[in-house]
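S.K.: For reference, the chains in residue letters:
Number of protein chains: 2
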Amino acid sequence: MHIIDVNSQILQENTRLAEENKKLFNKYGLHVTNFMSAPGAGKTTLLEETIKKISGNYKISVIEGDLQTSIDSDRIKALNIPSYQITTGTVCHLDARMVHNALHNFHLEGNDLLFIENVGNLVCPADFELGENLKVMVFSVVEGAEKPKKYPVMFHKVDVVILNKIDLIPYSGVSLEELINNVREVNPEAKIFPVSCKTGEGIDDWISWFSQNIKGK
Amino acid sequence: MHIIDVNSQILQENTRLAEENKKLFNKYGLHVTNFMSAPGAGKTTLLEETIKKISGNYKISVIEGDLQTSIDSDRIKALNIPSYQITTGTVCHLDARMVHNALHNFHLEGNDLLFIENVGNLVCPADFELGENLKVMVFSVVEGAEKPKKYPVMFHKVDVVILNKIDLIPYSGVSLEELINNVREVNPEAKIFPVSCKTGEGIDDWISWFSQNIKGK
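Protein chains in written order, with our numbering: chain R, 57 to 273; chain A, 57 to 273.
Some hints here could point you the wrong way.
Which copy is meant is left open, because identical chains are indistinguishable; a pair holds if it fits in one copy or across any two.
[As the list claims (entries may be wrong)] Derived lysine-lysine pairs resembling BS3-like cross-links, with alpha carbons at most 30 Å apart:
#1 K205 - K133
#2 K83 - K109
#3 K254 - K205
#4 K254 - K79
#5 K108 - K205
#6 K115 - K254
It should be emphasised that the hints constitute simulated quantities derived from the structure, not laboratory data.
Note that the structure is a prediction, hence the values are computed from the model and not measured.
Just need the whole structure built from these sequences, with the hints factored in.
M.R.: Written as structure tokens, this is what we have:
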């Protein structure tokens, strides 16, 4: 049994399904963002803060991915935003088929934005295209400045790196400058936004960039 | 193609190889601990602190797992402890074969303890037995109190849960009590040690339990 061949077949089939998703998203004029991170980096909180700022201007839907529970989906629904929770059981990432199946739970017509929150994992989600327009990763600065070197695949693949929890920098001993340099080394093109979802610092810069990025949609 | 069947074959083959590893460990009287966590929870720092406290009493070797770099292995070598770095590329976990191959880099004769630091990932490493005696997970309290509910597989499988970075609790808004209750809900049997590798708080409790646990070896 050739594990690599099997994985490669799985990834090829996923890429094909992601292309199908992309066609569907285009048909409905839907701009789709895939949010990825390690567990606990603050994806859901970032989504909440983003939704609060822009939900007056756009019609938004959210797909949540977790191994278990509907905790995240419930948080989004509390903002009066349609949200569907995918529970993956033991699977460590969302794939294009899961997203496709989840779409049946939404009325896509008239929607502007779809936010997909991936399973918390700094490795595997990066390998699975979902048909999205934008890949955003959220990284908690507390995880350490050297992580872009140790987990280069996701840092390399994303369009945006949001460095969250900068309010904890004074207590964590992590150098934001060193972290940003390490991100740049792996991905010189990425937009980088240091933010604190807790204090609100930096959120407006992210929102401003994101709003401009979807302007043409 | 049946993805689940393929995965099940991979896991069965891994379990067989893990049994082989276990026989080898037993032959050399080696006590083996598998340290798992999300990225940046503090596995390497916990290893460093543990090694400093007990290396006078035991002969220790370390296997490090990361996608890229030998940063962690270099940190262990700086303590004059033999260490071998497995770089997995894009693979999100260590498996029994990787560990078996890494063993060729050590003189197992006369060793007491082998510490294996897994790839930073709260999902997949839990599925891959390595032939170890003890499964320890390190969880950074900053990742949030609800995580045991959302990532139950690893929390359920381990013998020990080390709740690290408790020095950040006053700044993070996370409730240690709620976190411990959530761990207990998923795994009532686990030993739980709240620690701060930064301040040293709680480390002695972990070391004391660990030393007693390997006494009979």
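S.K.: So which hints don't hold here, by number, going up?
M.R.: Number 4 - this is the single hint that the structure violates.
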